[in-house]
Amino acid sequence: MKTVLQVEGLAKHFGGIRAVEDVSFEVHEGEILGIIGPNGCGKSTLFNCILGQLTPTSGRVRLDGQDVTGLTPEEMNKRGVSRTFQLLQVFPELSVRENLILAGQEHRGTMLSRLFGPRDAGLTAEADRMIGFFRLGHLADARAGGLSYGQQKLLDAAMAFMAGPRLVLLDEPAGGVNLTMLGDLKERLKVMNAEAGSTFVVIEHNMDFVMSLCTRVVVMAEGKVLAVGTPDEVRANPAVIEAYLGH
Amino acid sequence: MAEFIAYLIAGLATGAIYALAAIGFTLVWQTSQTINFAQGEFVMLPAILILALVKLAGAPFWLAAVLGVALFIALFGWGFKITIVDPMIRHGVLPLAIATMALAIIMKEGAKDGFSAEAQSFPSLLPAQTLSFMGISISLQHIAIIVVACVAIGGLQWFVTRTRTGRQMQAAAQNPGVALILGIPVARMVMLTFLINAGLAALASVLISPIYLAKFSNGEVIGLFAFIAAIVGGFNQVRGALAGGLIVGVIDSLAAAYVSTSYRLAVPLVLLVIIILVKPEGLFGRKEERRV
Amino acid sequence: MDRRMFVAAAAVLCLSPAMAQEKVKLVNVVELSGAGATAGTNWKNGIDIAVAEINAKGGILGRQIEIVHYDTQTNPGNTRAAVQRAIDEGTYAVLGPVFSGPIGASMQISQRAEIAQIVGGEAAGLTKQGNPYLFRTSLSQSAAMPKIAAYLQNDVKAKTVAVVWVNNDFGKGGRDAILPELEKRGIKVVADVSTEQGQADFASDAIKVKNANADAVFVYLNEEESARFLRAAKQQGVDKPMVGETTLLGAKVIELAGEAANGVKGHVGLSIDAPVPAFQEFGKKFQQRFNYASDHNGLKGYMAVYMVKWATEKQKKFDKKGLADTLRGARITPKDEPGIMIETKIEQNGDLDRESFLAEVVAGKQVIKQTLPMINP
Amino acid sequence: MSDIPSFTGNVPSPARSFWRRTDGVLITLLVAAVLLWFVPAGMGRYGTYVLSLWLVTAIAVMGLNLTLGLAGLKSLAQAAFMGIGAYATALLTTKGGMGWLPAFAISGLLTFAVGLVLGFPALRVKAHYLAFVTLAFSTLIWLVLRNEQWLTGGVFGLSNIPRPTLFGMKLDGHLAFHRFVVVVTLILALALWWLIRSPWGRAFLALRENPVRAASLGINIRNYTLLAFAIGSAYAGFAGALYAPLVEFIDPSPFALSASFFLLLMVVAGGSGYQLGPFIGALLGVVLPEYLRVTGGLYLILFAAIVVALLIACPQGIMGLLERGWTAIRRRPAGRNLPVKESAL
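Protein chains in written order, with this note's numbering: chain E, 1 to 247; chain D, 248 to 539; chain L, 540 to 916; chain X, 917 to 1261.
Honestly, the hints are just simulated from the structure, not real lab data.
Where chain D lies over chain X, by a calculated footprint (3+ residues, C-beta under 8 Å):
| # | region |
| --- | --- |
| 1 | 1172-1183 |
| 2 | 1220-1230 |
Here are the in silico distance ranges between beta carbons for each label pair:
| # | chain 1 | residue 1 | chain 2 | residue 2 | range |
| --- | --- | --- | --- | --- | --- |
| 3 | D | Leu303 | X | Val1099 | 46 to 56 Å |
| 4 | D | Leu524 | E | Glu75 | 16 to 26 Å |
| 5 | X | Met1014 | L | Glu894 | 45 to 55 Å |
| 6 | E | Gly122 | X | Ile1103 | 23 to 33 Å |
Note that the coordinates shown come from a computational prediction; the quantities given were computed from them, not determined experimentally. Beta carbons: idealized from backbone N, C-alpha and C, even for Gly.
Kindly generate the complete structure, drawing on both the sequences and the hints.
So, in structure tokens, the structure goes:
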């Protein structure tokens, strides 16, 4: 199995606080990897270090074997890695379609063609396909800010897929989403995984969501990796039960 | 050497005034994210108010001084907070900053049209005497300004760090959310910083007007320098603003002496740009952790 | 749509001429805000006094004066707009502005319209551009500076001089005019100190002047800055003679600088303290009406109106072009027109020639020491 | 789960084309240009001059509206850039003997380049510090304009700046020059209109709304920040290149720091981020004072009070107010292409 992303001994310290300490794991092509752990265990910091929002204190990040440590978020994105954030990060004043076009436009053409070329950078069809896929069709021209929380969450996820990424990092996609919506989201992620062959890394609190979606799970606690394995293996791991599931 | 000391003392005296203005500036910035572009006008107006009370209402000077300062603190401490800052703060920092620019115009033009376009002499509590030793002439007024300003700032520092109310004020400035949970009356504390700001401005006004003369346009330069002082010293520290004020005052004085009088203003500005690029938290400021 | 309607409406309203049949319209375009506000306000107040007087005595050729003041914000673009507006509204003559920059920006417009523009500017360059419609109300700097240089040489007997000037068109113009005059007389400039308009803190400038150790200090600042400088100089123990122009010796400076003004000497053109009864009387009227002492700009504004009155009565009609023609090369005496206050000769290029005075401040009073004759009587 | 559509499969339903949508801004610009071409015919020199001054100011405000209103970069140097453009044009057309058109182009390029250089601090420092850097820059430029008399004429300024002659037409008269200003303004406004509706405009907006998210979508923060700043500055340069021949005289005073503040007030008063906002803002800042000139010095207080009241009542400025009214009438959702962010400096 091909390794897409490789994290080696990653650490991030804020002053005296060790948010992430010596974290290593691999992401294989085509899998859905879950990262779970209690609040404040350093999951989001880990994401931010991988994606260049933060510079890691030590350790390496490799993409397809290439060292990408310390690249900026936009460089990571250009290399086919996209993400969502824990909190909603859509552009509320743009319409749903414009949000999606924005998410894809920098992957098309050049700076000049983006100025003098068509306004939608040729992405309207692609955006509408995404809108249809996430069943936001009736809302295509609505302001993103006016959507319900769950709908915005869907849009947020859709934006991560606009550029046709090979690796998508989702930070708590299920947070605050109601059950119906959650089922929807899960099924769509599975379809994308199966049909487009995208690889996912998902940070989540919602155990059921992770266990039913992911093929492999990394368990973190206090900034360190506690266990790695399939959902069943992790569920059976005594250290995990002690640290996390036990609560 | 004697020459250098003379420049130094003159610079420290003006710097002390900039420090008074800069401290109020940083206080209101910390508690309510108000970038007050009218800060210079805040220093200009109290002296005008006092003179207006003397001339128009015929009050004796001491009474006018007390009333004028009280009136100023009421109008531009309390009034400024509730009529301009409170309704606008929810719209963000920029509209508020722009509103203070507009306020500066209103204060300046109001002082001119309502009182006088002319400079007015302002009585000094000290004689314009010169102390002379070792070939250095030192103005008594300059020394007085330095002493009074330093005492006032020291008192403020003591108040902020040593008293209960002061510490509550600091807490309210640093993390209003947590402060509120701890039962600190945040709104009252924020108001207190506005009152202190107005009080310091009034003090600066009374100190400097005997030398500068009271005039509607005096705020422009003081405002600009208070601004530079606050950034150079550090936006989030009282002692930073004090140091910033003194440094900027001295540098300005030395620039006039040793650089070029026509490019004098450029020196503090270049310093400002260098500080922003190299040490944006200011010489004495705390570094704020970058948030994602 | 709203926007265009508003513009159109605004434009129409602005342009509807004030068709007061009986009145003659005079527009004063002057610095009422911005850097020139103090000078401009004095100028405006002087005009108001003159207009009130003339109107009270039956106006010009029986017509009352309608005076309108437009603020320029000391901004050339706005000045130009205001002068254009004044002309479009049919002003009889343009009064003001006072600062040379705004004058430079607006003088072509009155020239194009062939309307006299009577200004308060003193910068030497203004009248060198061959504009026949521009008239001064005071001596130009190129006329005043030789007198001061001579005074420094003969009376003060200075070999070295420190020059302190304000870096605006007024101060820079004065400095540029006096430097060659000093050089011509063998006086060395040992310190050349530029200060800002509206500067409040003169301590370092005073220290600089003190350290230059010149025989005399030539101070060329506006009134308030002069007072601040004198105070700072006293604090720093500068004990050399201070020599200057009208803006150093005026009542305003004496009032603001207090004791520090004593001993200051120099050349005075227009001053409410000059030994001319009309000047002093104007000073009293001004004080009474506005509750503060006028500077030379108040006198200039006052005279500007009387220049219009004199020339109109001379040509016996309200002819705009004729007004300028009448003023050019004229000689106005207080006997013909008391409001002109002192005999004034208007040169072909719009410069003025008058008597002026050497004065000194003694015990808080300006004392005239000597009367200097006209340059080309 | 049969109702879940396939991801790779085709989903028909092509959306309405962007091009087909009627565009209120474009129509307003074109109609206004035609009106402004004819309106001054009976207005006399003064009215025409004020209209021209309004448009020239609006160009500078448009630029600031791009940097501030759209991209969210706080600049306090717009008047200084206008000064650079005005002096460049004045010097090139008088001492340099150059035609207006190349001087105009050079002014734009020069301010664009200076804007690029000055934009670099914007990348290094936190948002509001850019305002302080530009504040310092603005004052430094003013000092240079004032002190370097050999080049700029110093406090005495530069006079007798010629009005342009283009394609054999002398644009000397007030009406001819006004129409020329109308045409240039229209061209510049249309260029900006195009820019704002292009992917660049979307990227600028993303930059303002949420730079972190924008970066994670592959938007090159550095390039777009510098471009927003440089293009905004170039518009100030263009405005300056028109201002010099309009007034035929320049000195440093209209390009001082307070003038930059004033331009900022106009952006906000008109409606920060709205494409037509700059015209409204400049109307308030240029035409209203002319209208209130009779009030002596009081109109400045009036203007400032209006701005404060407006900011308290509706921080989106006049355009925001109009939009609110329009929404109330039409009862349809607001929020067009250029909305306002209510965020921190």
